[in-house]
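A.B. asks: Work the whole structure out from these sequences, hints included.
Listed below are the residues making up each chain.
Protein chains: 2
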Amino acid sequence: MPPFDVPEGDPFGPHNLPYGVFSLNSSPDGSSGSSSGGPADGAGRRSVGVRLGNHVLDAGAAAVELGSPYAALLARPTLNPLLAAGRTAWSDVRRALTAWVTVPAHRETVAPLMHPLSDVTLHLPFEVADYVDFYASENHARNVGQIFRPDAEDSLTPNWKHLPIGYHGRSGTVVVSGTDVVRPSGQRKAPADPAPVFGPSVRLDIEAEVGFVVGTPSPMGTPVPLGDFRDHVFGLCLLNDWSARDLQAWEYVPLGPFLGKSFATSVSAWITPLDALEDARVAPPGRTHPLLPYLDDTSEDAAQDPGGYDLRISVAVNGHVVSEPPFSTMYWTAAQQLAHMTVNGASLRTGDLYGSGTVSGASRGELGSLLELTWNGRDALELPSGKRTFLEDGDVVTLTAWAPGPHGTRVGLGEVTGRITPGA
Amino acid sequence: MPPFDVPEGDPFGPHNLPYGVFSLNSSPDGSSGSSSGGPADGAGRRSVGVRLGNHVLDAGAAAVELGSPYAALLARPTLNPLLAAGRTAWSDVRRALTAWVTVPAHRETVAPLMHPLSDVTLHLPFEVADYVDFYASENHARNVGQIFRPDAEDSLTPNWKHLPIGYHGRSGTVVVSGTDVVRPSGQRKAPADPAPVFGPSVRLDIEAEVGFVVGTPSPMGTPVPLGDFRDHVFGLCLLNDWSARDLQAWEYVPLGPFLGKSFATSVSAWITPLDALEDARVAPPGRTHPLLPYLDDTSEDAAQDPGGYDLRISVAVNGHVVSEPPFSTMYWTAAQQLAHMTVNGASLRTGDLYGSGTVSGASRGELGSLLELTWNGRDALELPSGKRTFLEDGDVVTLTAWAPGPHGTRVGLGEVTGRITPGA
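If you're matching them up, the sequences are chains P and C in order.
Heads up: the first sequence at position 399 corresponds to 399 in the numbering used here, and the numbers run straight through without jumps.
Heads up: the second sequence at position 234 corresponds to 1234 in the numbering used here, and the numbers run straight through without jumps.
Don't read these hints as lab results, they were simulated from the structure.
It cannot be assumed that every hint is accurate.
Claimed, not checked - If the Cβ cut is set under 8 Å, some of the chain P residues that face chain C in the computed set are:
no.: 1; residue: Ala152
no.: 2; residue: Ser155
no.: 3; residue: Leu156
no.: 4; residue: Thr157
no.: 5; residue: Leu163
no.: 6; residue: Ile165
no.: 7; residue: Gly345
no.: 8; residue: Ser347
What the hints assert, rightly or not - Now the stretches of chain P that chain C is said to cover, found in silico as 3 or more residues with beta-carbon under 8 Å:
no.: 9; stretch: 180-192
no.: 10; stretch: 249-259
no.: 11; stretch: 270-282
no.: 12; stretch: 336-344
The structure displayed is predicted, hence computed values, not measured ones.
We put the CB at the ideal spot given by N, CA and C, even for glycine.
C.D. replies: Here's what the structure looks like:
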């Protein structure tokens, strides 16, 4: 059955249906949605939206009009109620939405609730509870080790192959795609400098990552086993873990990154449900070290339920693609990260977000940070917009991605983009 | 004017008035407050309470009965609306509360709204937004450096005297005093072990800290200067940063503590407003290194507005005092920590919580962790309940504290206590 108004093969066809939160830039009669009378800024009513091609279906309004029992989950200003509803509800809602956008009988009801993307403002789609960031690409970890610890015997720290290394980040500065990023100021000190100096970061970088969004919570004291990943994680998004390398280098020993990361983390406006990514599931790289049972995904059971995802990411600076990091190369899977994060009894909350860590493939064209792409600033990139080691004010960084979908289709992930503005 | 039913000199007299959130264990007619009919567990209606002696004033009900304009801030199940109301409102509400518990004309109204502490359940008093933990005691940092990096030239890392080192923790596992702490499991590996082993932590420790609670938010991109501390921070509490030293030691290089800390952080049920601690303000220790301007509290202006607090903490294990850490010895102040945390443009949210870091004085009787008290398990403590290096199942740890108040009084801080239960 043909979907409504989406060309064959569109990566945002009815096989995808990612979720976001939107508001109309102006009300249907053409007046501004903002009560201030200023420029359209999406200050109108927020609702859960579902993307179909270049349109957004007002899923909340559709649920109400169609008398759906899911109106209580969809006619809301955030995805959190849907996230909290659990896996069975996620499947049921997805099935209902698929019918709404494909069954001709619904067309008359649904068509007026489809808004062009250009007419809406997209908002941070969920309230972020805790934000954790991992470090799960072996290529990335080895590159960083070689750059920062050139004299070390092994570029990986001794724990790296035994556990997915992670740390908590600042959930209050997670922002939606399109939000400007103010260049952070802070302390930096080159080894030869007598004392630290203060000023805007001069080594502002990106990290191309995938973010996982927790729906179903878990109680304190009860670890979530590897096999329960799909019961807790609703979906994924693209994530840019902006990083001020100079601030980070001076501050991070012994307690880890702090101000070098906490100024901003950008996520895509669309959360792709894991149910849309069944055809993208792949086995992770072979494990070179035996894993403790709570992380072991090499058993037959686990191997039949692979934890990797084949996501093809693209990193563009000022519209020019500089890298295509392959997510399938990640050593640690999102399921292992969830099992590790909770094995000490830490609870999960609806809205918890965790980043995969920078995605870097084996080749130069697959690296997920400028730190690696320029080898810590040694080899500048030649872009149409000029030479770059790290980011300059005005630069726009955009991550996009797609995954294999059913029957040879592609599943598009929402882009995450941000522009650097000068610091104070 | 005599306060209602509080002995002269009580550390929770009307000069203190800390805030919490409580519910009655049973309704006034004697039936259980819990709709399940089970044992009284504080499942009844939550309201903001103010402690006076060994009683809790139902501040929400008092505000309603007295027709106070602050009912909208106090007749609430969490402190967040009061926190968000800002400094002027904090002072006004405190002035009103002081009148309600001291002016005889209010006695008839207020007395029935005073509940014995034994009749109420105290809850986590605010919704924690981001949680950050610092490392601000020079004694503690030097002790830890000597224990973990005995071969280092200096026990402090090179950045320590230039910035208050901190990291983000897990806000979802911040729990109120009295909550049991399940012993965490995880990976540990002694240097001589061939591979990590998994199991319950065998080096479970405490960290005696003070927590600061942010009320007034700040926008992204705008640092909060040193002098604006009192405009943003509402008050403080005691905080126990439970730490699994064996998990932490194996995981923390290079990205800092994660599972070794994220299983639980306990805070006292009472938040002491900074306005109650005017007489406890002291200058921090002399600065041995010049500070960058955004952290410099040695100017004449800053010196007249000292950033330290003279809080006398006491750490008891199974009722036996093992240490009395003096908060006045902290090198970095809470004002400096706030200025540092936001200097990169990171925003603040109502409910942000930040810990001072372990409080350790210069002498053995003033150390804020078992790691230091037993020198990493080398010198066991002889307690009435037996020898201890680290915590055993069933152990109860309680932090209490007081500060100098007006006219020779003491201002009591709410205790933070927790019992270790066996892991799964």
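A.B. asks: Does each hint fit the structure? Answer for all of them.
C.D. replies: Hint check results:
no., hint, in the structure
1, Ala152, "violated, 11 Å"
2, Ser155, "violated, 11 Å"
3, Leu156, "violated, 10 Å"
4, Thr157, "holds, 5 Å"
5, Leu163, "holds, 6 Å"
6, Ile165, "holds, 6 Å"
7, Gly345, "holds, 5 Å"
8, Ser347, "holds, 6 Å"
9, 180-192, "holds (count 6)"
10, 249-259, "holds (count 10)"
11, 270-282, "violated (count 0)"
12, 336-344, "holds (count 4)"
Violated hints, in rising order: 1, 2, 3, 11; the structure is consistent with all others.
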